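Undergrad: Each chain, written out:
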Amino acid sequence: MEAPEHWAGTEPERVLAHDGTPVGDTDVGLSDDQLRAALRWMILARRLDAECIALQRQGELTVYPGFEGQEAAQIGSALALGADDFVWPTFRELAAAIVRGVDPVQYLWYHRGTWHGGPYDPRATRFGPICIPVATQLCHAVGYAIGVAKDGSDAVALGYIGDGATSEGDFHEAMNLAAVFRAPAVVFVQNNGWAISVPTRRQTAGEIWKRAEGYGVPGVRVDGNDVLAVYRATADAVARARRGDGPTLIEALTYRIGAHSTADDAGRYRDPAEVEVARRFDPIVRFRAWMSASGRIDEDGVASFEDDAERFANDVRASLVAEGSPPAEWMFDWAYAEPPATLDRQRREALG
Amino acid sequence: MEAPEHWAGTEPERVLAHDGTPVGDTDVGLSDDQLRAALRWMILARRLDAECIALQRQGELTVYPGFEGQEAAQIGSALALGADDFVWPTFRELAAAIVRGVDPVQYLWYHRGTWHGGPYDPRATRFGPICIPVATQLCHAVGYAIGVAKDGSDAVALGYIGDGATSEGDFHEAMNLAAVFRAPAVVFVQNNGWAISVPTRRQTAGEIWKRAEGYGVPGVRVDGNDVLAVYRATADAVARARRGDGPTLIEALTYRIGAHSTADDAGRYRDPAEVEVARRFDPIVRFRAWMSASGRIDEDGVASFEDDAERFANDVRASLVAEGSPPAEWMFDWAYAEPPATLDRQRREALG
Amino acid sequence: MTDAAQHTMVGALNQALHDALRDDDRVLVFGEDVACLGGVFRVTDGLLDGFGGDRVFDTPISEAGIVGAAVGLAFAGWKSVVEMQFDAFSYPALEQIIDHVAKMRMRTRGRVDMPIVVRIPAFGGIRGKEHHGESPETYYVHTAGLKVVTPSSPLDAYRLLRHAIADPDPVIFLEPKSRYWPKEAGELAFDGPGIGVGRVVRDGGACTIVAYGSMVTRCLEAAARLEPGGIDARVVDLRSLSPLDVELLERCAVETGRVVVVHEAPLTLGMGAEVAARVMELAFDHLAAPVARVTGWDVPYPPAALEQRYLPSVERIVEAAREVVSY
Amino acid sequence: MTDAAQHTMVGALNQALHDALRDDDRVLVFGEDVACLGGVFRVTDGLLDGFGGDRVFDTPISEAGIVGAAVGLAFAGWKSVVEMQFDAFSYPALEQIIDHVAKMRMRTRGRVDMPIVVRIPAFGGIRGKEHHGESPETYYVHTAGLKVVTPSSPLDAYRLLRHAIADPDPVIFLEPKSRYWPKEAGELAFDGPGIGVGRVVRDGGACTIVAYGSMVTRCLEAAARLEPGGIDARVVDLRSLSPLDVELLERCAVETGRVVVVHEAPLTLGMGAEVAARVMELAFDHLAAPVARVTGWDVPYPPAALEQRYLPSVERIVEAAREVVSY
Ligand SMILES: Cc1ncc(C[n+]2csc(CCOP(=O)(O)OP(=O)(O)O)c2C)c(N)n1
Ligand SMILES: Cc1ncc(C[n+]2csc(CCOP(=O)(O)OP(=O)(O)O)c2C)c(N)n1
Ligand SMILES: [Mg+2]
Ligand SMILES: [Mg+2]
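Chains as they are written, first to last, in numbering that gives the first Met the number 0: chain A, 0 to 351; chain B, 0 to 351; chain C, 0 to 326; chain D, 0 to 326.
Hints in this document: simulated from the structure, not taken from any laboratory. Some clues are possibly wrong.
Unchecked claim - The calculated lysine to aspartate or glutamate pairs, modelled on EDC-like cross-linking and capped at a C-alpha distance of 16 Å, are:
(1) A/149 to C/314
(2) B/149 to D/53
(3) B/149 to B/244
(4) B/149 to D/322
(5) A/149 to C/24
(6) B/149 to B/235
From a predicted model like this one, the values you see are computed outputs, not experimental measurements.
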């Protein structure tokens, strides 16, 4: 196998070849500092992902869905957003979350079973609550986009979604509503080849980006392991949305290197050889190769990022394991703005 | 306005120009007798539609959704089906129903408020129950198609749906499932320009037939007022499905001449001028013009069809108004295969 | 608006939407056919003209998308009043309502309110087609995080809808179709009992008949029929199905000792079950008879020809009241 | 299978599916991740190898489509056993279930059966993520036309699933996740009580504790704790939530005069409401105390860290039993 099978078909937009040699204009609008920051985020994210898997094994997290291999897709797209833009994530966008400034410890409250959705402030961070029912968040993204446009803001909503989730009715309803209302929204599909045990070819018989035309909106297929291409495709879509030209559907071809989650045993349904092939297309290796070849970073620079990553991961672990259990009152505090009398009685029974 | 606005964009497949002059191969696989039968069905259907509206005005039907203007779309597609093929209708396919041999009186039990879904035998008639929650029937069509294929039958399922209903998640899920399982299904969209008060342009920003490519299946746009073109497009799709080559999405451009239903006042949202324009594209006038011009039928022939239609409509009326109310037992007889004890008690209370 | 003014429920609801749009520029009204057409029941008639397409707009046929969009709009600070065209057509939105509308506030630890009103023309009795006469209240009342209300009269419809739109929590607003057209005289006013409060619409000491929405009138008719026989029945309009006015239920149960609960929805796990359970919990020692439930049967809602054989009739209500009184 | 054999509920369900596929070649098993993976809980493990991809297959992530397809398959004479991966993920299919699965038989005047089984890993207690610990039974039990069952033990899980698959009517089959792994010894057998029949799992005369699914074990623990205090509690496993075994409820209420009902679902309109209402209707004169409901709170299901503060604890059940007995 040359490459993961779901990458077949239409060639995706690409700036860097798999080995890091440029095949397109590498000036995607990122300064050298920003490029170094992107590489740093990718190194930090991967290290954090590994730490989370370790934390889960040690019982500090309940279940954790890793994102190894998807760093370019998440970080390239997240970096293309402005401060006012709003992200509507699934359950696998921890990399995008930290880039957007979400406190990883608060984010991990979710995977620790401390609180639903992530207790960070979604309005302040412009990062929506972790969303489990697949595809439902896209409807929120579109509604939000319609709403900010009504206020004359030029903010954009970006909704992440996986390949498997595109089979849900909510994907369709959200896409169609976004198109009809020309909502300033970007639907970013991370096609990582798998939906738990189901490969993309059994999820759909077409190419996901091609669905765009049916909605009358632009569709883009991009190499999701090429951070520069992902950045450019997302930046273009965001600019289009800001201009008032409506939504864009982006399919980013990437790969889920790990199992679906720490609760999953991919060995039951996936040939390890496929993963080995996919590893040859590592997004960090590729970007780093170009960064050094183009003299933008040297060994020491990378080493310092790795040190940062080590510290970052250790800090997250330290703060997370120090977190206690939430008070039981929390069950009752936010079910309603003012709890009805009947619920107050239950609260007393539960806490008293 | 030259033509209804939702007909703009991609030119639909067409055999007869609006004035009835051939613009394509008129040999679509129908013998002269079959062509005359098609014209006869169209004349009968329109007359029956008018009768139903009268019946509703006289209180013999509760609410009735007319199909004037959609005769070619419904009859052309229904005639392209084989005896074993199965139709999954919406609430507006009375014309297709009679072509398929459904007893119109039994069908109208539904609009009379006598029984849900139509009390005709859906298995014997190969015509599914009248379906109200829009788009839901497409999932049934696809499941049925998957099922008959498992039995090695070469039967095909055809699901009708309206333009408005294509915005529902079930449209998407059904299309995607059909494509993934290469189900022998045909999804036939009657785009009549309106979904109650919402015009197609506010229902979707794209062209409906173009959604097909996103699912990896063929899509066809056909002139829904050209019975020959509709027949050919449907026959091709049915043949493809029979061959095991999977589903097809057909968008038939037609027009809803009447209001959404007898309960609707289209004057509140639709410019009557638009209807006048649409009337110029009458499917019966067009087909009849070609039939006579090509010497396939003469005035007497048409007159005899109109007499048949008159008799047909009168017979339907006579039998329908003779129908009494259903016995109250029916409420309890079929809720479960064997009613649970608790329900038996309710039954006695209700009937005793 | 003069005291003499006569209002239908459709008119009162329309006025409530109009006044809410006027008083709060964060309020939006959208759904299927609500703008140009003014709704299939005309409840939103004229709102497009009055407030423009930015605040009152038609959507594609996408109930899940409509409700999901309302969730996103809430994050952007908008208060959505959406319409589900008929009872059964709210079911495609149940996932969005149960998973997000009801839970988002708790999920975000109170940081994000969900001031969403989902208007649903509900219940039967209008000779509607299949899926046009259902009583969906149980699905919503059982869902923690939602409030569920239903008016029984035009004036109360105005008040309840204003309260629902002003509420920071999501409210499922069930409109009794069969009561859309009867008139009531009086002034449409916001003040008065809000959500969570039931009301006694007829006083009496022999028994309490509990109902809501479309059934309240029938219960009043039943009470009138019972009077000559010496049974003066109290009639309670719950108004708020969630939260329930348990204080009122307790008081009536204690004072009358006999309770009948009436609704169109099927018996099993219909509101009557909760009312019966609460009454027993709160007034067991005062009950002289078991709480009687007069409801629709445990079968799918029947066609128009049979709906009056399905819905609680005045006769059945009278019968049940006589039984609890003579128990 | 020898009598000594030990079975987990996962194993018993897997065997039931295997045996149903073997005994009836019209049975199909499909859903998300059920074939290659064998289900996220391994309930469908090995079925693909045993019966091939034509009868056991994975689907795209489309709950509405999956259930809708099952309806069409029923018209083609197939009996579908579909899996909704977790409780909350059955909500996207509610429209298909309420509008079609439950009503198609009546709609077609009995001409078309809907032999569909919707398997749903349900209830909480496994420290699951949001939407992975809900109790959806009320939504289904209130829907006329459906049957709803839930087993509490491996042997009964086998029996109930076989009965569900053999039933001509649609059955919602709720699997208590938290009881998937404990073992039970015995022979997996089809015969024995079917749908509509509850069972007494512990005899006793002081009071009756009614439960189902995951809560049955806790109620047995509670009963054991009550015994030393001289309270011999009877424990009833409803098994069938719809139809309800009202004869059994009546008999137990009459014989013990005191009833406690326990479930994970929120109090309001949870099964306890129906049980309480029925018990009052059927045994009012025999009741020495109001029926007590020990349930989840009326809030969204909490995160793992708090779920044991939400679920009925053995202590709360014991407490409630003491109260009804000493009432
Ligand atoms: C409505 C719904 N159905 C089922 C699930 C269970 N589930 C969780 S993740 C998942 C697979 C998602 O695959 P994909 O969309 O490709 O995202 P990925 O896991 O690859 O990031 C499924 C089926 C769910 N979360 N929501
Ligand atoms: C799920 C659902 N939502 C809403 C409705 C109410 N409704 C009935 S017909 C209709 C419009 C359908 O338009 P279209 O699909 O174009 O079919 P047409 O009426 O033009 O034949 C609507 C919104 C419904 N029947 N089902
Ligand atoms: Mg994936
Ligand atoms: Mg239409």
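Undergrad: Taking the hints in turn, state whether each one holds.
TA: Hints, one by one, checked against the model:
For the hint pairing residue 149 of chain A with residue 314 of chain C, the CA-to-CA distance comes to about 53 Å; that exceeds 16 Å, so the pair is violated. Only pairs whose Cα atoms come within 16 Å are accepted, and residue 149 of chain B paired with residue 53 of chain D is accepted, the gap being roughly 7 Å. Pair hint residue 149 of chain B plus residue 244 of chain B holds up; C-alpha atoms about 15 Å apart against a cutoff of 16 Å. Simply put, residue 149 of chain B and residue 322 of chain D have alpha-carbon atoms about 59 Å apart, too far for the 16 Å limit, and the pair is violated.
A distance of roughly 11 Å separates the Cα atoms of residue 149 of chain A and residue 24 of chain C; the hinted pair therefore holds under the 16 Å criterion. The straight-line distance between the Cα atoms of residue 149 of chain B and residue 235 of chain B is roughly 22 Å, outside the 16 Å bound, and the hint therefore fails.
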